[in-house]
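Visitor: Listed below, chain by chain, are the residues.
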Amino acid sequence: MTPRIAIQEESFDLAAETARLTAGRQDVGGLASFVGLCRADDGLAAMVLEHYPGMTERAIARIAGDATGRWPLLGLTVIHRVGRLEPGAPIVLVLTASAHRAAALESCAFLIDWLKTGAPFWKREEFEGGAERWVEAKAADDAAAARWTPA
Amino acid sequence: MRVLYFAWVRQRVGMAEEEISPPPEVRDVAGLVDWLSGRSDGHAAAFANRKTIRAAVNQDFAGPDHPVAAGDEVAFFPPVTGG
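First to last, the sequence lines map onto chains F and U. Counting in the working numbering, the first sequence runs from 6 upward without gaps. Counting in the working numbering, the second sequence runs from 9 upward without gaps.
One chain only, chain U, in its complex shape:
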């Protein structure tokens, strides 16, 4: 699974992307956030306030209940501010 980070989520995690192999009990976006939070202090800081985090799975916006699986591209970022 490829995970991408953008904006201040990237700054806090300390990297733009990583390849991960989460355990099988990680089934959805919320579960992935829980698992990622334990990977480093940076990850924990990035995901400390879940309300400020948005996600996309395979380049579509996805809520916490959206399933994730091996081979997916999952991205985490703050609410968008374009335009």
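Same shape as in the complex, but just chain F:
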């Protein structure tokens, strides 16, 4: 199983991505998906996502490899958008397929937790009126990723 990893400016279609993972096969018993959206917090006008081309794909491939090593996955898709995104726009898609629900659900949560802390993306917020600020990393995100590390 080769994970599908895409970094792109354009949006994605959850139904099309789901169909892609299940086309022509009958062994998938569970699909889990996570879609992250741009929230309109505090008068946000847009979010601008920047990344490190090359390292981003490499980092996500490593995280995906960790997931396929931990869970018996039949399909794995990660699509992360970059560029300028307005409130309501989808930012990230994680989609996992397995024979059973636990592997699909757990690996999906693992992947989005690690994407937040282990892949080189940065978000800049633009507000109505012209103010802007870089989003700061959150300790809660580090804690969410750390919970997947065996004690």
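It is worth saying that the hints were derived from the structure and are not from the lab. Among these hints, one or two may not hold up.
[Said to hold, decoys possible] With a straight-line cut-off of 27 Å between C-alpha atoms, the simulated DSS-like cross-links for lysine-lysine are:
1. U/K59 <-> F/K128
2. F/K128 <-> F/K143
3. F/K143 <-> U/K59
Add chain U to chain F, keeping to what the hints say.
Guide: Below, chain U without anything else, positioned relative to chain F:
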């Protein structure tokens, strides 16, 4: 050595990348940060608070003790905020 800057580190330094030839005593990421800080006011501002800076060497996350050498691609950026 090619050095890349991202997010507010890029804004403060005032450029996205540069080719540099640091002196031989620059052996690791921390030493490179010290040397880069002396290159301009922008560099000094970008690296003023080391705790807020993360690095990658040849596209893998790297700590302050990670070695750097001629030919490496070294990147500096704030903690990541994707997802």
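Visitor: Each of the hints needs a verdict: does it hold here or not?
Guide: Outcome of the hint check:
| no. | hint | verdict |
| --- | --- | --- |
| 1 | U/K59 <-> F/K128 | holds, 19 Å |
| 2 | F/K128 <-> F/K143 | holds, 13 Å |
| 3 | F/K143 <-> U/K59 | holds, 14 Å |
Comparing the model with each earlier hint shows no violations; every hint is respected.
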